[in-house]
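Residue numbers (the working numbering), protein chains in the order written: chain F, 15 to 332; chain X, 18 to 289.
Worth flagging that the hints you see were computed from the coordinates, not collected in a lab. For each residue, glycine too, the CB sits at the ideal point set by N, CA and C. Do not take every clue at face value.
Mimicking BS3-like on lysine-lysine, the simulated pairs with C-alpha atoms at most 25 Å apart in a straight line are [unchecked claim]: (1) X:152 x F:319; (2) X:284 x F:326; (3) F:329 x X:238; (4) F:323 x X:152; (5) F:311 x X:274; (6) F:298 x X:152; (7) F:29 x X:34; (8) F:106 x F:242; (9) F:298 x X:284.
Coverage of chain F stretches by chain X, computed from C-beta distances (three or more under 8 Å per stretch; other residues unrestricted) [unchecked claim]: (10) 44 to 55; (11) 86 to 99; (12) 194 to 203; (13) 261 to 274.
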Amino acid sequence: MAVKFRHVNFTYSPKSPFEHDALFDINLEIDKNSFTAVIGHTGSGKSTLIQHINALLLPTSGVVNVNQSLITPVRIRKYRRKLEKIIKSKKKTNEEKDIAKSLLEESNKFSSYKKKKLRSEVGIVFQFPEYQLFEETVLKDVSFGPRNFGKSKEEALNLAKEALNRVGIDETYYERSPFELSGGEKRRVAIAGILAMKPNILILDEPTAGLDPLSSQKMMELFFEIYKQGITIILVTHDMNHVLNYATHVVVMKDGKVERKTTPRELFANIKGEDVISLPPLYKFMHELADRGCPLKIDNINNEKDLAKAIKEIKGHA
Amino acid sequence: MKNIAISLNNVSYSYDKKNDVIKNVSLNIEKGKFISVIGHNGSGKSTFAKLIMGLLEPKEGEIKIFDLPLDGEHISQIRPYLGIVFQNPDNQFIGATVRDDIAFGLENQCYPQNEMDPLIEEYAARVGMSELLDKEPGNLSGGQKQRVAIAGVLAMHPKIIVFDEATAMLDPQGKEDINKLIKLMKKKNKELTLITITHNVEETQTSDDVIVFNEGEIYMKGKPEEVFLEAEKLRSIRLDSPLLYRIKEAFLLEGIKLKSKSIEDLKEEIWP
């Protein structure tokens, strides 16, 4: 298990006029070496959820277990005392006490996270990562992260070269200014900057936003290659074709809650998507045919050619 | 040339004075047409948009807007005809509230305050933002911000509006909202010439014509059904057709010829 959310709630700006509850009782496990897509409407809690994985946000209550280290709302000892207090309280309900017991059990099994270690293990690529490039040369920019995490200059340069190689940027780019590269190249350099820190979990928040279909496909192929090399990928996206084509699992968020976790094919074959997600156009079309009474087995169909064959067969039997 | 809104005659453009990103393009766009422009990054489509907006000047050739040459002499005469909605909704929100933002263009045209208020309300209503007139940008979704940008453009009474990847940064709901609004604008004002620059081929199907840019040249041009039925030609530059045409192509391989011109009709044709 790479990531485990246990009874996580999160409130922005608590006890202020801007207080806003964003996550409600999140219980979620993300497998090691999986490619998990997180989907849902704007405001459903996707970005809030992922920012808990490298402790950019701390839970208001509940815990997040990342690589066997625990992220708690306050320091772990204080949190344990708080949970013990809930368990002993006469004012709390049995349900609240049961939750506190299970969280206490979890907090006793694992040690607290170390911020620096966690941030090197969990890399986050935000939307438009190229806006974060700042160094004079591509190589300096990519080696900045490892240097900042205490690597020697030589080690950092080697890590940077390895990461650049992984994203398909060769040595002819090393001494060029990142600002003179094309949009797609800049984004690759920015991603290399994250990979150079050798994360074992890579979180991608809408990484293909603003790219044309060809660049977007190339970018997704790159992430799939990284996933195949053994890195756990967590992808926040609105593009259902990416979910269908690359993800092994999909988490559906709605109103700050995990609506379901399943596989993409199972999701798209069995959900019509009016409410939570926009289906890939082919699946939407097939569901609409099924609504008209067409006896299609949607989960057996992968593309338009399969659909044409299936319809021909159905009509042949009719 | 009375019916021509935009004409390009052998237009070329280069950012670095060495490599042309628009190469000898000639084209006429009729008044009141809804045109979709597609192509990969670097194909020249956004440069094309900036050229017809007068934001860039051609290296060679001539551009005319309603038969007036788009040059230094005529630009101030032509500008009021043109409106553009950009990709990033955050970069084009100028006012502190929705009301202020829509007012910005009108203030620039020196409208008196008492005439501005009813106009602001009219244009906010047209884009479905009447309820949110006093909201700040931070309280709006990306789709809502784009709707405000469109209201601001409409308030200037342009005759041509260019949407330069205006839905690219929006979530699916925001995309749908803007596409519906574009269709509604077209329905309500048949004189308005609309040009959408987009990556999303599914958005192009209701347009009158589709222009495909590749390496600075017009690679294909025609009605959606003419362009998208040439799937192989599109695939050779790694572009795909909308779902309607992909399904028709797949059925043809199975020996079934489908005639539908819309997804709705296609459902009926496949399963009446």
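Consistency of the hints with the structure:
no., hint, in the structure
1, X:152 x F:319, "violated (48 Å)"
2, X:284 x F:326, "holds (14 Å)"
3, F:329 x X:238, "violated (37 Å)"
4, F:323 x X:152, "violated (52 Å)"
5, F:311 x X:274, "holds (23 Å)"
6, F:298 x X:152, "violated (35 Å)"
7, F:29 x X:34, "violated (59 Å)"
8, F:106 x F:242, "violated (47 Å)"
9, F:298 x X:284, "holds (11 Å)"
10, 44 to 55, "violated (count 1)"
11, 86 to 99, "violated (count 0)"
12, 194 to 203, "holds (count 3)"
13, 261 to 274, "violated (count 0)"
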